[in-house]
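If you follow the hints, you should be able to join the two separate chains into one complex; please do so.
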Amino acid sequence: MDLSDNYTLLYSFLCREVLDEFGLEGERALREGTRRYGRDRGLASRKKHQALGVKVNMQSLFGLGGDLPPDPRFRRELQELAPEARVSHTLVCPMADVWKRYGEREIGRMYCEEFHPACYNGYAFDYGHTNLAKTLTQEGDEYCAFNVVLRAENLPEDLKPLCFAEYDPGYVPPVLEAVKPDAKAGFETLSIKIYYYLLEAVLERFGAAGGEAIARGLEKAAQDGARRACATARAYQKALEEAVFDTYPLTMDAEKPALWADYSAHGALERFESRFIPAFRRALEHGEEGQ
Amino acid sequence: MYTCADIVQQNQQDAFSAMFLCLGREILALCGTRAGEGVIREAVRRAGRRDGQRQLERLRELGAPTDLHGLFHCGRPRVEDPRTRKKVLFDEKDRQIWEVYTCPMASFWNRFGEGRLGSFFCEEYEYAKVLAYTEGAGQLNLSKNLTCPRDNFCRFSAYFREANTPPERAAEAFPPSGAPQEETPAAGFGEGIRDLTISVCCRLLEAAGERCGSEGVCAVTEGLKKWAAQAVEALRTQAGHTLRPLDEVFVRENFPLRAEEPVWEENSQAWELVNTYVLSAIRAGLD
Numbered sequence: 001m002d003l004s005d006n007y008t009l010l011y012s013f014l015c016r017e018v019l020d021e022f023g024l025e026g027e028r029a030l031r032e033g034t035r036r037y038g039r040d041r042g043l044a045s046r047k048k049h050q051a052l053g054v055k056v057n058m059q060s061l062f063g064l065g066g067d068l069p070p071d072p073r074f075r076r077e078l079q080e081l082a083p084e085a086r087v088s089h090t091l092v093c094p095m096a097d098v099w100k101r102y103g104e105r106e107i108g109r110m111y112c113e114e115f116h117p118a119c120y121n122g123y124a125f126d127y128g129h130t131n132l133a134k135t136l137t138q139e140g141d142e143y144c145a146f147n148v149v150l151r152a153e154n155l156p157e158d159l160k161p162l163c164f165a166e167y168d169p170g171y172v173p174p175v176l177e178a179v180k181p182d183a184k185a186g187f188e189t190l191s192i193k194i195y196y197y198l199l200e201a202v203l204e205r206f207g208a209a210g211g212e213a214i215a216r217g218l219e220k221a222a223q224d225g226a227r228r229a230c231a232t233a234r235a236y237q238k239a240l241e242e243a244v245f246d247t248y249p250l251t252m253d254a255e256k257p258a259l260w261a262d263y264s265a266h267g268a269l270e271r272f273e274s275r276f277i278p279a280f281r282r283a284l285e286h287g288e289e290g291q
Numbered sequence: 292m293y294t295c296a297d298i299v300q301q302n303q304q305d306a307f308s309a310m311f312l313c314l315g316r317e318i319l320a321l322c323g324t325r326a327g328e329g330v331i332r333e334a335v336r337r338a339g340r341r342d343g344q345r346q347l348e349r350l351r352e353l354g355a356p357t358d359l360h361g362l363f364h365c366g367r368p369r370v371e372d373p374r375t376r377k378k379v380l381f382d383e384k385d386r387q388i389w390e391v392y393t394c395p396m397a398s399f400w401n402r403f404g405e406g407r408l409g410s411f412f413c414e415e416y417e418y419a420k421v422l423a424y425t426e427g428a429g430q431l432n433l434s435k436n437l438t439c440p441r442d443n444f445c446r447f448s449a450y451f452r453e454a455n456t457p458p459e460r461a462a463e464a465f466p467p468s469g470a471p472q473e474e475t476p477a478a479g480f481g482e483g484i485r486d487l488t489i490s491v492c493c494r495l496l497e498a499a500g501e502r503c504g505s506e507g508v509c510a511v512t513e514g515l516k517k518w519a520a521q522a523v524e525a526l527r528t529q530a531g532h533t534l535r536p537l538d539e540v541f542v543r544e545n546f547p548l549r550a551e552e553p554v555w556e557e558n559s560q561a562w563e564l565v566n567t568y569v570l571s572a573i574r575a576g577l578d
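Chains E and S supply the protein sequences, listed in that same order. According to this note's numbering, the residues represented by the first sequence are 1 to 291, in order. According to this note's numbering, the residues represented by the second sequence are 292 to 578, in order.
The following block holds chain S by itself, in its conformation from the complex (with noise of 0.2 Å):
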């Protein structure tokens, strides 16, 4: 049983997989199942680049080793959905192994029959985040995962050898052992969930209009306006399941992204469509 704290984050979690799930299926449909294929594939990628960039500085900017035990255990910028039930094997600052045995994501994409599509993002996000964080030097390894219909667990190994790393940056991810550090606080899950979610749409955006032209905008706003429905719904029925308003509290508690979002700097013209879409369609159905 889950309580009402664990229910929003769950929610808001869900409420990214269904964004990707939306918009990841228009690209395909409008773009083409392979040119589609590698616009969220290179999507996936630079959002896990960017994600492991960050954490990157953000441990430099705190003092901290940026060794693999920081990339995802110390500052993290986002926290688990509470559904997530996973086994830490290794937690070691040049190998971290972790198996995953419920993952939200999955079970999300794999309800609706796109396994393969949530693949996609499986395959491209951690590998991306750990080269970036790593600056090359390290490895990530999936060989299994939930998306695939033989797993019915995910598999990850990590590895950022010291002997693998330039000598100024193994001084800095692997320096002499010395007082114990600190473990550094973790983003709000809210934080995190809305940062994955503008990162990855904004990307996506991108690498539609890169690749596909104007095709792969209007396949991101056709997405979008799948997303809003599915959004107003899902909102509905959640705010019924648990006797609250759907005013813009609640909108605020259980969906990623803010009713009243500030510009995205990141990609004006993404937010522009968000707004127009989704966020509409949210205040509009607000009591």
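One chain only, chain E, in its complex shape (with noise of 0.2 Å):
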């Protein structure tokens, strides 16, 4: 759940900043940087089905189980899934709660505005077609309602066999085990992929300026993550290193995990390095009370 919490706000911390500096033009900014971030995701589960002999449909989006590692405090009510439509009520969202906890409800509307279509219809070759019409980081709303279709007749030719099995004679689904993935390593690649989006357009739009704005979003995300480790340390007793590494997604070693090769264009590895991770390191020596 830490490492969720973390991920979520991690976002919300760097839009903060931005928001704050540039107004109306960094939202600009943050709303393209976060549809870069989905279509990333959309993609590479494109990727990934495509390699494992599945349909890209959204029984395989939604059923094969994603990127985002599962959160205990999530409640799903499924209504439908099959190969053209998933609909769904989302009734507990620990990123919504979290984002409202800290006053940044605004900041989760427009994450649920532009992450979704992108990812979503990104993934399905852009003919997808993302509903939301309710979201919890939406005023009055009490569920989010999900409606994401893909329907086959919307689909070129060319797309039809590698969408749906019915217009495929002679495929055989294989035969797939359900992999569960691991809450550090994937809340760590979401996170650097969301850090690394955002900076990119940030750094487009206002240059360095943006870069320093980004820059102090790590430093208040390194801070309230710091807090949360020492907390969490003291509840459950452990070592506070231990702590560090079970509850923040972002490796703070020497040895970085290796999709930061990918994503290190724009200094971003230099960055965490130099403003995250000095920033959390002196926030633990303050603890649970912060600075």
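Because the hints were derived from the structure by calculation, they are not lab data. Treat the hints with caution; some may be incorrect.
As the list claims (entries may be wrong) - Taking beta-carbon pairs under 7 Å as the criterion, some of the chain S residues facing chain E (in silico):
#, residue
1, Arg-325
2, Asn-432
3, Ser-434
4, Tyr-450
5, Asn-455
Computed from a prediction, not measured in an experiment: that's the story for all the values here. Note that CB positions come from ideal geometry on N, CA and C, so glycine has one too.
This is the structure in structure tokens:
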């Protein structure tokens, strides 16, 4: 749960600094960065599914276990899962909850509006349609109402056999074992990606000033993450370094995951090492009370 | 209890719903369920796109902000049938959220067991309209709809965020607050439903012909024949119920098309077919 909260808050801390500094133009960059992030995840899922030999449709996207590690607080009511449609209600969303707790519902709203269509439609060759007319990040809504569709007859002829078995005579679905995503590795992947794409979009628009805003967001995320680690260490009587490893998705050791190689442009890794890690270490010294 | 003025609007609305149902059924039957679905979806998208573009042009001519409030509430080409029951939750420049609890189109299609066919319209029309109006920068979500047996309301949300809009369009859609904008008058119901009927009918013929060739055109023609029979019977019943003769005046008030329709510029072949199979049947049935 800490991993999930820290990943979620990384987004809002970065966005808050950019919005406070640049206003509407900052929002423009953040929405674009969120879309790029969503698209990356959608394309990665599609690539993985095609390699597995499954059809690229809603049943695969939502039934094969995505890249978001499970959170035990999450509650969903699944109404339909079929190749052309996935209809569900999200009754409890830990991401929405933690954004609201930190007073950042509007930032969460922006995430929900931009991430889901970019990810799900991007997965489906841009022929999908994500309907999210109710969301927990919207005032007055008591659940998220997802209706994500990919209609076979809206596809060009060459994509139909890639997406639907009934357009691919002779297709035999592979036998797959469900693989549970590792929480630490999973949230680390997502955290690297979300940070990278927000940084990229902000740098494109604002240059060094944008990079500095992101760096300030990293420091604030670090301070908050350190406090959480201290609280967990105390609550579960763990050694502090163990608590840090268990609660924070981003690795702070010298040996970083290989994924950084693909997401190190724009000085992303250097910025993380020079601004996030020292801030985290300083905050650890102060414990749960913070600075 | 509805007034006579309400009833004529309802009759026109139901005639549109019947047109979509009759043509849709024949397209699915004769072009195949798969190809037919593709035809219908494409046709509805084109109609939605056209409506969105026209509303944008209309508001630009009026000098009104081209935001989401303008799309859904200002000088609209069509007002709702009085049977529609809905609640607007948010009416803002960049956010429109509403729920529909009673929809005469969904009711009509469901009554004839054609909720799935109706869902093609629901899924494609507003989506295409919003995208065309916002020039690709907006979003339309329809998470629940009355043509789905699981749902007991439609839930729409539309977004058109200034931060997603190119600067020139943002200046037009979200000008700095000034004097309150006068509400632009909506078109009359009759004009609006006539426009929608012609638009969807033309596009069904267009898409069916493009994708299925002569079989597609035949399918639409067979659909028009079915619609003609339904329309004549419906008009006769409606006239009887309201103690009126079934004459040209009655048709003009209770049917979306006139008994003597001028040629449709957008698709003269569609006009020719409608005139031959639908309007002539109606003319023949007049008292």
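Against the structure, test the hints numbered earlier, and report the numbers of the ones violated in rising order. none
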